[in-house]
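S.K.: If you're matching them up, the sequences are chains H and Z in order.
Residues in the first sequence are numbered from 437 upward in steps of one, following this note's numbering.
Residues in the second sequence are numbered from 44 upward in steps of one, following this note's numbering.
Honestly, the hints are just simulated from the structure, not real lab data.
As the structure is a prediction and not an experimental result, all values here were calculated from the model.
Here a beta-carbon is modelled for each residue, glycine too, at the ideal position from N, C-alpha and C.
Wrong hints could be hidden among the right ones.
What the hints assert, rightly or not - What follows is a list of derived Cβ distance ranges for each label pair:
1. HIS564/H - PRO75/Z: 56 to 62 angstroms
2. PHE50/Z - ARG634/H: 41 to 47 angstroms
3. ALA462/H - MET546/Z: 31 to 37 angstroms
4. PRO472/H - ARG255/Z: 53 to 59 angstroms
5. GLU470/H - GLN463/Z: 54 to 60 angstroms
Spelled out from the first residue to the last, the chains are:
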Amino acid sequence: MTLPDTLARLRSRTGRARPSGFPWSAPTWPGGLERPAPQRALGVDYDTDWARRYPARFVRAMLLDNVTRPLTHAVATPTVEGLELLELVALPAIFVANHSSHVDTPVLLSVLPPRVRHRAVVAAAADHFFDRRWKGHLWALLLGALPIERHRVNRRSADLAAELLLEGWNLVIYPEGGRTPDGWFQEFRGGPAYLAVRTGRPVVPVHLEGTYRILPKEGDRLRRNSTRVTFGLPMVPDDGEDARHFGARIETVLGAMADEVRSDWWSARRRAAAGTTPSPRGPVAGPWRRSWALGSAPGDEVDERRWALRRG
Amino acid sequence: MSPRPGFVLEVDRSTPPTLFWHGEQFVLERLPAGSRVVYGPEPLAPLADPVAAIRHALLHPLGDAAPLPALLRPGMRLTIAFDDVSLPLPPMRRPDVRQLVVEQVLELAAAAGIDDVVLIAALALHRRMTEAELRHALGDRVYDAFAPHDLLWQHDAEDPDGMVHLGVTDQGEDVEINRRAAESDLLVYVNINLVAMDGGHKSVATGLASYRSLRHHHNARTMQHSRSFMDQHRSELHSSNWRMGRHIAASGVKVFQIETTLNTDTFPEQFRFLQRREWEWTVRDRASFLGASRSLELTPPRLARQILHGVRSPHRMTSVQAGEVEAVHARTTERVYAQQLVPVEGQTDILTMGLPYICPYNVNSVMNPILVACLGLGYFFNMYRGEPLVRQGGVLILHHPTPNEFHPGHHPSYIDFFEQVLTETTDPLSIGKYEESFATDPWYIHLYRTGHAYHGVHPFYMWYWCAHALEHLGAVIVVGGDREAVHRLGFRRASTLADALEMARDVVGPDPTLTHLHSPPLLMADVT
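Next up, chain H with everything else stripped away, as it sits in the complex (with noise of 0.2 angstroms):
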């Protein structure tokens, strides 16, 4: 039942007729006139403006401090390793990372140091976090989401971003544009590179892993399990660098790291070096290989669940 039908009956209910109809209610549209597509700033459109105001920013920070700090390190634990890389980082910097769940953000925000987590947005899928206007007012306001166009090159979304990075907010994006279905690397996107390219700004490659098993993307609850942030050394163009390949140095590097989780930084290192590092796509096979293929990594917890929960 809709709010103006209850609305209706509560009316009735106590006997106290109202006028109906507009301009009680809303407006019918005349059926000779086109109705134009409503202008309901959603999507990329959303403006974001108003959450990286001051008041904003202190909500958040509250928020983030204390609310999802805490609750984040109770369900993930996160081990983090080369946070002292951010030392050689000029700020404000596009933190890279792959992405695996929706527990990613809060996992890397709560592990940033304070000065950068309190003055990061984040890129968010506008198609899925601001197709409504609550979802948009949530997330701009708890993790300073940004609308980001990932299925085509939005100019709006590239200068909006391009623009929050000159005025000095760090950038938290994930370069495949979505969550892995099944654990593995997705193919990466342009966007991290152009607006290194763009802004002169340095990358900062992260790796997460063990949020997979938290939330996947097609999981239902939360579960419990050790998570590790890698940070990895800043990336800055090189003189005459284009996108498309410093696009591809990143994706190269973030594999790297991948290797490391799952074996040791020398072995890691020593295959980088050999160019054997193994594709973190994964396997060219069906999906349960691909899956199998995966394995866990040193220090997961086993989830004996965890097959159901990809039937699930």
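Assemble the complex: chain H is given as a structure, and chain Z must be docked to it using the hints.
M.R.: Just chain Z, lined up with the frame of chain H:
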């Protein structure tokens, strides 16, 4: 987004009720399916920097006029005349356009070292403006610099020493205008062009004229031959003013005309629903409508009137042009048409319109029954180009309470006109025999010259304004009007719009076509 043009909506079953003004109130009326509603264009974008635009206009005049600084020299007599309180409607938010323009003209005059400068409110036979109204129009800076030194005048058409007769036109029309304006080395006229009738030679030839001069075009015959008086090419009123204006120029009066146009952003935020198309009303618009209409219903009429007359319009300037009168006015008219013109195909049997609380002659005053008739049959009926919106013999339905109420200070002669003349006849051609006695009545002249009264002859002009419509229409019906007042005007009264439509069918036959002129914003129908 660029403003959307006006258009004609054909009402169907899903069309929401349509907004009608009803004096100090507004109502929603459901029009029969198949009716048409004419919506005006959305407000044009204003000038980004109006002061820079004014300076540019003064330095780059149109026609064969020289830039204003070249016309200014020390020791000259400079007169700046400006439109009076009848424009714009509702009065605009400060700063008024006149203030912006007059200040720029005075800046140039000061730079040229001119001492002899007089400002004149071009009232014609309108009431004198109050100090507050003058301050509003000109700004405190100008008022305080000129009024204390008796250099801010209000045109007095009955001052025998203040007028000068410049001869007659080739049609035998007397041309008598303000002496100070006529004998100045330069007359700068500052105009606000709200409708196509305003401006051009009419500014000086009417605004600074006397009864002796005005009677040649303010009469029933001229109005019946002006179809409409908003269409310059088919307006006898326009032709007469143009003859007089050219005669004034030929007499050696040097006029530098400055004309401005405004957009139709007429009402402030709290009344923005008035200007929006009903099916686009947001929750806020609907809440504003309900709140405002209920509040005004519950408010005593006098207080409601005060509240509405306190509304200051967010009108913004869309153009300013200066120089030779006719060249300037041609450009001005283009801008007015760009803002107001709506193409409409074909006439209608019944034309409906809601009339607001204000017209040019009751700013800060009462809209008496004669002004109701003038606004409906004079102004709104004539807002067409080509053919009238309603066919010959059709019916005009007005929505207005038409209270039998007059402002004794502003409209004293209206009361006598209503009681003495309209009880005798409502035929515009027949009332002329009473005109002279009202125009020369010493008491009315005294009130006009010393108080804030409209000239004694003014109610006749209002009725002449209706002449074309009265000749054209088969009947006029006023919805919700005061019975006695409406009947005195010679119109019919209906309690509801449905009743009015039933009555109209008796005149125009069954299955009539109906068109509603949606206002605000102001619009002009281009009927083909």
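S.K.: The structure should be examined with respect to each hint, and the outcome stated for every one.
M.R.: Here is how each hint holds up against the structure:
| no. | hint | verdict |
| --- | --- | --- |
| 1 | HIS564/H - PRO75/Z: 56 to 62 angstroms | violated (48 angstroms) |
| 2 | PHE50/Z - ARG634/H: 41 to 47 angstroms | holds (44 angstroms) |
| 3 | ALA462/H - MET546/Z: 31 to 37 angstroms | holds (33 angstroms) |
| 4 | PRO472/H - ARG255/Z: 53 to 59 angstroms | holds (57 angstroms) |
| 5 | GLU470/H - GLN463/Z: 54 to 60 angstroms | holds (56 angstroms) |
Against the hints set out earlier in the document, a violation occurs for number 1 only.
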